[in-house]
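Chains as they are written, first to last, in my numbering: chain A, 824 to 1033; chain B, 824 to 1033.
No wet-lab data here; the hints were simulated from the structure.
All C-beta atoms, glycine included, are put in the ideal place defined by N, C-alpha and C.
Incorrect hints may appear among the rest.
[Stated by the list, open to error] Which residues of chain A face chain B? A partial, calculated answer using Cβ under 8 Å: (1) Gln848; (2) Ala851; (3) Arg852; (4) Asp969; (5) Ala971; (6) Ala973; (7) Val979; (8) Ala985.
[To be verified] Quick list of the computed label-pair ranges, beta carbon to beta carbon: (9) Ala968(A) - Glu832(B): 47 to 53 Å; (10) Ala875(B) - Pro967(A): 54 to 60 Å; (11) Arg833(A) - Gln848(B): 46 to 52 Å; (12) Gln848(A) - Glu878(B): 20 to 26 Å.
There are 2 protein chains.
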Amino acid sequence: MSRQTESSERRDALVRAASQVIHRQGYARTTLADIAQAADVALGSVYYYFKAKDEIVVAITDRRLAHLRQKLGDVAAASGPQAGLGALIQLWTSDKEVDALYGCPIGSLCYELARQRGTLGEEAARPLRFLLQWSEEQFGLLGPADQAPALALQLVVALQGASLVANALEDSEVIARETDRLQAWLGSLVPKQPRRARRPPAQAQISGGR
Amino acid sequence: MSRQTESSERRDALVRAASQVIHRQGYARTTLADIAQAADVALGSVYYYFKAKDEIVVAITDRRLAHLRQKLGDVAAASGPQAGLGALIQLWTSDKEVDALYGCPIGSLCYELARQRGTLGEEAARPLRFLLQWSEEQFGLLGPADQAPALALQLVVALQGASLVANALEDSEVIARETDRLQAWLGSLVPKQPRRARRPPAQAQISGGR
DNA sequence: GTCTATATGGAGATAGAC
DNA sequence: GTCTATCTCCATATAGAC
């Protein structure tokens, strides 16, 4: 369970709306009125669920973290680390059009809030930290443990960089090319205990929506 | 020459100040009063040089473009494409501490302004487009022309991703590790006409300050 | 050209009825 | 719990003296 202390239909609607609107417009340019309107709620009602604007960020990161944990955890548990990492890359492939328009929802929020004073930056970075840590675990299961941190970093850096460049160039092909390359790279890594069959495990198809 | 139509001491001071303050705080959170103060100029005077806030972004990107063209052009002209690309990577190594604190000045501005309506996003993306285009030219001089776009994309994506992740984690080691890897990768690329000497050309040392 | 003073609008946050 | 109305502050931009 997350740090979310209260839960309700209305609150969930607000968090969903906030997540989407902030992804599209950025945190600074998004007003509470924007969020309230997107969630079909009066402006004043927002303050019943959130003490202040920055508290909504916590709810958004909680939500995103939970989604990532679930989706990636499911694939990895069912099909192993290589398939899990492939599913992570596939997330970017699936979302390439949206990310080319608005950037990676996780990375763009990190970049915008990191320079803010206070703890908002730390908060926004939590999903990114999770991706790094989780990837490191998977690479550790896949090959030599001492190489896992470097491989995980390489992967997450490439995914984040691809989203940023694709967004700047308004070209989803940037993400397509990078994720193709990363899948090939992942497939080329030697598993811990090589089996006879050389073909990599079937790629789990998981839909987007981080 | 850039698109800069007017030039003066005062104007330059304002652009320098704006470039630094916006890098540290982000565009949205930076007020014209912040910029005026950093440049030791009265708030009202800013409007003598710039019609509106977003016009300052054009001046900043002009400035950054000119710097990149000059620095990278010099190295490439003197020592060739491989040294030039090495110098590009070295830029990130040199600025790793600042970038870990505030992100890449180019990439973070792209990410913040891409989602703005209007042409500000396009404007902010110009330095990034230049880096991609210039890298592609260098890779084209270095090896098979058909591989140049992919290699250039890989390089710029990694540099941008490294800055974003380093900033989110507040850890300049992320950039150090990625630039080390990229230098090794660059050195491993086979030159167009292989010489006897296997050692890569000496890395040109160029200081930071994009 | 440079300044101070100020108009204007917008956004976060609150008050209080229902 | 949800709403409307409003307070308050602050940032962009302008006016106009020097």
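The hints, checked one at a time:
Because the smallest distance between the Cβ of glutamine 848(A) and any Cβ of chain B comes to about 6 Å, under 8 Å, the interface hint for this residue holds. The criterion of a C-beta within 8 Å of any C-beta in chain B is met by alanine 851(A), whose closest approach is roughly 4 Å, and the hint holds. Restraint check, arginine 852(A) versus chain B: the minimum CB separation of about 6 Å is within 8 Å; hint holds. Here the hint on aspartate 969(A) is broken, as its CB sits about 14 Å from the closest CB of chain B, past 8 Å.
Annotation: alanine 971(A) was flagged as interfacial toward chain B, and the flag is violated, the nearest CB pair being 13 Å apart, outside 8 Å. Proximity of alanine 973(A) to chain B holds as hinted, the smallest CB-CB distance being about 7 Å (cut-off 8 Å). Hint status for valine 979(A): holds, given a least beta-carbon distance of 6 Å to chain B, under 8 Å. For alanine 985(A), the interface hint holds, since its Cβ comes within 8 Å of a Cβ in chain B; the closest pair sits about 5 Å apart.
Between alanine 968(A) and glutamate 832(B) the C-beta distance comes to about 58 Å, which lies outside the given range of 47 to 53 Å. For alanine 875(B) paired with proline 967(A), a C-beta distance near 56 Å keeps the hint of 54 to 60 Å intact. For the pair arginine 833(A) and glutamine 848(B), the supplied restraint of 46 to 52 Å is violated, since their beta-carbon distance comes to about 34 Å. Distance hint check: the CB atoms of glutamine 848(A) and glutamate 878(B) are about 22 Å apart, consistent with the given range 20 to 26 Å.
In summary, the numbered hints that this structure violates are 4, 5, 9 and 11.
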